[in-house]
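Chemist: Can you build the whole structure from these sequences, using the hints too?
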Amino acid sequence: MKRILLLSVIIAMFAACNSGTNNSKKSDDKKSVAITAAGATFPLPFYNMIFKKYSSESGTLVTYGGIGSGGGIRSLKDRLVDFGATDAFLSESKMKDLPAEIVHIPTCLGAVVIAYNLPGYDGIKLTPDLLAGIFMGEITKWNDAKIQANNKDLIMPNKQITVVYRSDGSGTTNIFSDYMSKISTEWASEIGVGKSLNWKTGIGAKGNPGVAGTIQATEGSVGYVGSEYAFEQNIQTALLKNAAGNYIKPSIQSISASAQGELPANTCIMLTNSSAVDAYPISGFTWLILYKEQNYNNRSFTQAEATLKLLDWVVSNEAQSSASKVNYAPLPEKAVKQAKEILRSVTFNGEVILK
Amino acid sequence: MSSATIQYNTRSDYRKRKNRLFYWLVIAMSAITVSPILLIIYKLIIQGYKQINWSFFTKVAPNTLEAMTANAQGEVIPGGILNGITGTFLIVVMAAIIAIPVGIMIGLFLYENQGKRFASIVRDISDILQGVPSIVLGLIAYMWVVKPVTHGFSALAGSVALAIMMLPLIIRSTEETMKMIPTSLKEAGLALGVPYYKVILRVLIPTGFSGLSTGILLAISRIIGETAPLMLTTLGSSAVNWDLTKPTSAIPLLVWEFYNDPNMANLIWSSSLFLMGFVLVLNIISKRIAAKQNR
Amino acid sequence: MKSDKIFKYLLFSASFLVIIVAAGMVFTLSSGAIPAFKEFGLKFIISNQWNPTEGRESYGALPFIAGTVITSVIALLLCIPLAFSTSLFIAEYFYKKRVAMFLSTMVDLLAGIPSIVYGLWGFYVLRPFIVELGLSPQGYGIFTASLILAIMIIPYATSLSSEIISMVPNDLKEAAYAMGATRLEVIFNVILPNARSGIFASFILAFGRALGETMAVTMLIGNSNIVPTGLFQTGNTMASVIANQFGEADGLKLSSLIAIGLILFVITGLINAIGKLIIKKLA
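So the protein sequences, as listed, match chains A, B and C.
Once you know that position 197 of the first sequence is 197 in my numbering, the rest is easy, because the numbers rise by one and skip nothing.
Once you know that position 92 of the second sequence is 92 in my numbering, the rest is easy, because the numbers rise by one and skip nothing.
Once you know that position 97 of the third sequence is 97 in my numbering, the rest is easy, because the numbers rise by one and skip nothing.
Please note that a few of the clues may not be correct.
To be verified - For lysine-lysine, the following DSS-like pairs were computed, each having C-alpha atoms within a straight-line distance of at most 25 Å:
#1 A:Lys94 / B:Lys147
#2 C:Lys280 / B:Lys179
#3 A:Lys200 / A:Lys141
#4 B:Lys198 / C:Lys173
#5 C:Lys8 / B:Lys179
#6 C:Lys5 / B:Lys198
#7 A:Lys182 / A:Lys125
#8 B:Lys116 / C:Lys97
#9 B:Lys116 / C:Lys281
#10 B:Lys147 / A:Lys96
#11 A:Lys309 / B:Lys246
#12 B:Lys186 / C:Lys2
#13 A:Lys325 / A:Lys337
#14 B:Lys179 / C:Lys5
#15 A:Lys96 / A:Lys141
#16 A:Lys334 / A:Lys309
#17 B:Lys186 / B:Lys292
#18 A:Lys325 / A:Lys77
#19 B:Lys18 / B:Lys147
#20 B:Lys179 / C:Lys38
#21 A:Lys182 / A:Lys159
#22 B:Lys18 / C:Lys97
#23 A:Lys141 / A:Lys125
#24 A:Lys309 / A:Lys125
#25 A:Lys125 / A:Lys94
Claimed, not checked - Computed Cβ-Cβ distance ranges for the label pairs, DEER-style:
#26 A:Lys200 / C:Gly24: 39 to 45 Å
#27 C:Leu231 / A:Asn234: 44 to 50 Å
#28 C:Leu231 / A:Asp122: 35 to 41 Å
#29 C:Val125 / B:Glu75: 23 to 29 Å
#30 A:Tyr296 / C:Leu231: 52 to 58 Å
#31 C:Ser31 / A:Lys200: 52 to 58 Å
#32 A:Lys200 / C:Tyr124: 26 to 32 Å
As the list claims (entries may be wrong) - Facing chain B, a subset of chain C residues (Cβ under 7 Å, in silico):
#33 Ile20
#34 Thr86
#35 Pro193
Keep in mind that the hints were calculated from the coordinates and are not lab data.
Glycine is no exception: its CB is placed at the ideal position from the N, C-alpha and C atoms.
Modeler: Put into structure tokens, the structure is as follows:
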């Protein structure tokens with residue numbers, strides 16, 4: 001018994017050393033800088049993929065923890081990470097909470113799809129008013145006159161509507177509620193915008209898989225799911241009427257289309273209810289945040305430079321082109337240009353770091 | 001005479017029937033108790049066995065694209081959970097190093113000071129600690145270790161949070177085990193002039209070893225699957241890390257990532273299977289050692 | 001002897017350490033919770049509002065307190081007969097036999113399953129089962145959550161209890177048998193009084209575990225911030241709401257969550273104290 005245990009421990013250590021050396025061979029030559037970041041879970045699969053690529057190619061280990069946007073902001077505030085990630089950009093007042101000025105760098109786009117479970121009824125069309133009615137509990141049956149009138153090519157079934165929402169605080173809820181507040185004054189006054197809301201009806205499930213799983217298990221249910229998750233699953237999604245009057249199916253193209261409009265210099269804008277013709281109306285950026293002045297807390301110039309090099313790479317073509325493979329929409333050119341400009345305004349002791 | 005009444009000829013018949021009834025009740029209840037575990041193990045094996053292969057133990061976690069392509073082709077997802085295995089090992093061993101000696105010492109203290117006011121307070125506090133949600137302990141470790149000590153997310157912070165979670169279990173089981181040892185044993189040792197600490201170390205602890213190891217095993221099982229405190233303290237890592245002051249991965253953290261990723265759901269089950277296998281091995285080892293001690 | 005003194009002092013300092021840790025925790029939690037209490041006062045504890053909308057924020061802890069207490073109590077009630085029977089099986093009826101070793105290992109395995117896996121198993125297996133039984137339309141609710149909690153805390157109650165029961169001195173039992181007692185009578189008149197302290201301790205540990213469980217409960221309880229009025233209604237618990245909202249919370253909301261953590265601390269202490277008093281009265 002003891003011998004088997006000893007043998008297995010030896011094998012385990014051998015295996016561990018083996019994979020360890022593969023990773024560290026490239027970083028042996030220079031004193032390896034390591035970058036730590038924390039924040040939003042929405043872009044987690046995308047970040048994990050590109051950060052891992054960057055780590056193995058550049059020798060700089062990048063660690064990202066998907067602990068939530070709030071955790072990311074908190075960690076940056078406490079200066080424990082090199083940068084944070086957040087789905088909702090910080091407002092003026094929130095930025096005042098931080099010890100120094102920060103900048104936002106957009107990295108990709110995602111969307112919120114309206115998923116439902118009605119076997120045999122694909123492609124249901126929903127207008128903003130219908131959405132508001134359903135999610136506020138005013139429309140309770142699928143064959144309600146209003147839904148039927150909007151879907152003349154389907155005979156809507158007489159089924160109860162069950163609303164499913166996110167029980168955990170999330171950027172997905174934030175984007176969804178931002179859109180809802182824009183298209184419904186009732187929603188804006190009664191429920192408002194936020195990462196978690198005071199829902200009037202429905203059941204809460206944890207995470208995208210929780211909501212998607214509940215919808216798949218409950219006939220007649222409807223809810224909102226992050227596109228990065230929904231596109232990979234076989235769930236029915238509704239077509240939404242955007243501000244231009246067209247019914248749009250959520251896709252990488254329609255998500256990117258929503259970013260075609262004007263962007264403010266600091267890129268802090270909610271893309272929901274975009275007026276672009278082909279835009280999917282519930283889309284949004286996700287950002288990385290870092291301090292504008294990088295010499296704080298005994299940070300070294302090498303560390304700051306390494307951080308900026310990484311972020312510059314994230315908005316570059318190489319990283320962006322892999323986004324759509326994993327169901328995230330890449331940044332449009334305008335946003336990339338602005339992101340690069342912002343990166344070149346980040347200083348160390350007042351001197352710009354990246355040229 | 002109604003056929004529904006049970007005739008008891010003697011009082012002892014009644015007692016014997018009650019005895020039999022209770023016997024079968026215990027067996028039935030035990031069967032009910034064990035059924036969820038069998039169901040869960042079954043589900044884990046069915047969903048997870050395909051992902052368990054050599055690379056499961058030797059490669060780090062895959063990224064979502066690799067998983068997606070593998071799923072699309074109906075293949076096994078490449079990669080494994082090596083960064084989680086080594087991380088869990090590092091954090092749990094550190095937590096055990098902190099919690100086991102302290103826990104046993106406190107348990108001994110409570111045993112030696114039965115009925116004293118101070119001991120009651122310590123015991124009550126230990127019981128209360130057991131009820132603190134793991135995420136709150138994560139927050140505490142964030143404030144005490146991540147911020148001031150390691151200036152960043154670290155494995156040490158995770159170990160501290162987990163060690164606090166282990167303490168009540170070890171304390172209580174140590175105290176109760178010691179209480180069950182006949183005092184004659186202790187007194188015999190003391191009467192022979194053996195110094196007190198030797199009596200504890202050479203007589204009482206070996207005798208109560210089975211109970212102590214149960215408490216330790218329970219404590220380790222408790223913390224090995226915890227996610228929430230680690231999210232706030234060790235953050236995670238895509239590579240194998242042995243440095244206590246740096247962020248590390250752990251199997252529950254990987255499970256959380258797999259949960260949130262649309263392509264990696266299959267890995268959840270195999271990772272859990274691994275954790276359970278680990279607990280099983282610990283279990284067998286501790287029972288073997290306890291058996292040896294009892295001879 | 002000098003070594004004795006050193007040793008006793010060592011034990012004392014270890015115990016003092018635990019008091020410092022607990023005091024430190026209360027301090028850290030309190031300072032984090034102050035903004036919430038300043039804003040809402042003590043009404044926070046009995047308010048059942050939970051409105052996170054900016055500009056209209058109002059938080060109260062009542063729904064979560066109710067959910068936590070109800071689910072943990074039900075879980076403990078479900079667990080006690082099962083754990084007691086199982087520990088008797090392992091430590092008394094089939095002591096040291098293979099079937100008992102098997103059962104004991106199986107029960108210990110229950111303790112090693114990560115709580116998120118319990119949540120997933122509950123979501124994919126238990127929940128549809130409850131729906132099939134017709135007890136609840138979606139399967140979420142207090143009952144489902146209590147059920148999974150009961151399963152989760154069984155190992156804590158069983159492991160320690162069976163160890164304690166097995167350590168009851170044999171001569172006590174044999175004396176009773178010699179007087180013609182049945183096994184049942186030996187159990188209730190000899191073993192139980194002797195092992196009472198340890199068995200009770202194991203239930204306290206199990207209960208504490210139930211109070212603080214997060215992941216599994218959060219996936220099955222339905223997460224509605226209301227005081228539950230029926231067994232199959234949805235609700236929420238303190239640990240669950242903290243886990244759900246913590247990652248994204250800041251400002252007043254974060255403070256409210258920390259306040260809830262503090263309240264959980266206090267309630268755990270209260271329930272433990274009440275439990276010990278009840279046992280003292282029954283003794």
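Chemist: Indicate, hint by hint, whether the structure satisfies it.
Modeler: Here is what the structure says about each hint:
1. Our distance criterion of 25 Å between C-alpha atoms is met by Lys94 of chain A and Lys147 of chain B, whose separation comes to about 21 Å.
2. Using a Cα cut-off of 25 Å, the hinted pair Lys280 of chain C and Lys179 of chain B holds, with the two alpha carbons roughly 18 Å apart.
3. With a C-alpha separation of about 16 Å, the suggested pairing of Lys200 of chain A with Lys141 of chain A holds against the 25 Å cut-off.
4. Taking the CA atoms of Lys198 of chain B and Lys173 of chain C, the gap is near 31 Å; set against the 25 Å cutoff, the hint is violated.
5. Simply put, Lys8 of chain C and Lys179 of chain B have alpha-carbon atoms about 18 Å apart, close enough for the 25 Å limit, and the pair holds.
6. Proximity of Lys5 of chain C to Lys198 of chain B is assessed by CA-CA distance (about 13 Å); at most 25 Å being required, the pair is judged to hold.
7. Using a Cα cut-off of 25 Å, the hinted pair Lys182 of chain A and Lys125 of chain A holds, with the two alpha carbons roughly 19 Å apart.
8. This hinted pair does not check out: Lys116 of chain B and Lys97 of chain C have alpha carbons roughly 40 Å apart, beyond 25 Å.
9. Restraint check for Lys116 of chain B and Lys281 of chain C: satisfied, since their Cα atoms lie roughly 20 Å apart, inside the 25 Å limit.
10. Only pairs whose Cα atoms come within 25 Å are accepted, and Lys147 of chain B paired with Lys96 of chain A is accepted, the gap being roughly 21 Å.
11. Taking the CA atoms of Lys309 of chain A and Lys246 of chain B, the gap is about 22 Å. The hint holds against a cut of 25 Å.
12. For the proposed pair Lys186 of chain B and Lys2 of chain C, the alpha carbon gap of about 19 Å is at most 25 Å, so the pair holds.
13. At roughly 22 Å between alpha-carbon atoms, Lys325 of chain A and Lys337 of chain A fall within 25 Å of each other, so this suggested pair holds.
14. For a cut-off of 25 Å, the pair hint linking Lys179 of chain B to Lys5 of chain C stands: about 22 Å separates their Cα positions.
15. Pair hint Lys96 of chain A plus Lys141 of chain A does not hold up; C-alpha atoms about 46 Å apart against a cutoff of 25 Å.
16. At roughly 20 Å between alpha-carbon atoms, Lys334 of chain A and Lys309 of chain A fall within 25 Å of each other, so this suggested pair holds.
17. Restraint check for Lys186 of chain B and Lys292 of chain B: the C-alpha separation of about 21 Å stays at or below 25 Å, so the hint holds.
18. With a CA separation close to 33 Å, the supplied pair Lys325 of chain A and Lys77 of chain A exceeds the 25 Å bound.
19. Among the hinted pairs, Lys18 of chain B with Lys147 of chain B is inconsistent with the structure: their alpha-carbon atoms are about 62 Å apart, more than 25 Å.
20. Restraint check: the Cα-Cα separation between Lys179 of chain B and Lys38 of chain C comes to about 46 Å, which exceeds 25 Å; the hinted pair is violated.
21. Proposed proximity of Lys182 of chain A and Lys159 of chain A is contradicted: the alpha carbons are some 29 Å apart, above 25 Å.
22. With a C-alpha separation of about 24 Å, the suggested pairing of Lys18 of chain B with Lys97 of chain C holds against the 25 Å cut-off.
23. The hinted pair formed by Lys141 of chain A and Lys125 of chain A meets the criterion: a straight-line CA distance of about 15 Å does not exceed 25 Å.
24. In summary, the hint linking Lys309 of chain A to Lys125 of chain A is not supported, as the alpha carbons are separated by about 44 Å, beyond the 25 Å threshold.
25. Taking the CA atoms of Lys125 of chain A and Lys94 of chain A, the gap is near 38 Å; set against the 25 Å cutoff, the hint is violated.
26. For Lys200 of chain A and Gly24 of chain C, the Cβ-Cβ distance of about 42 Å falls inside the hinted range of 39 to 45 Å, so the restraint holds.
27. For the pair Leu231 of chain C and Asn234 of chain A, the beta carbons lie near 35 Å from each other, so the given range of 44 to 50 Å is not met.
28. A beta carbon spacing of about 38 Å between Leu231 of chain C and Asp122 of chain A agrees with the range 35 to 41 Å that was offered as a hint.
29. Restraint check, Val125 of chain C to Glu75 of chain B: a C-beta distance of roughly 26 Å satisfies the suggested window 23 to 29 Å.
30. Here the CB-CB span from Tyr296 of chain A to Leu231 of chain C is close to 54 Å, well matched to the stated 52 to 58 Å.
31. Checked against the hint of 52 to 58 Å, the C-beta distance between Ser31 of chain C and Lys200 of chain A comes to roughly 35 Å, which is inconsistent with it.
32. Under the hint 26 to 32 Å, the C-beta atoms of Lys200 of chain A and Tyr124 of chain C, about 29 Å apart, fit the expected range.
33. Contact between Ile20 of chain C and chain B, as hinted, is not supported at the beta carbon level, the nearest pair being about 10 Å apart and thus beyond 7 Å.
34. Evaluation of the Thr86 of chain C hint against chain B yields a held restraint, the C-beta minimum of about 5 Å falling below 7 Å.
35. Against a cut-off of 7 Å between C-beta atoms, the interface hint on Pro193 of chain C is violated, since the closest Cβ of chain B lies about 13 Å away.
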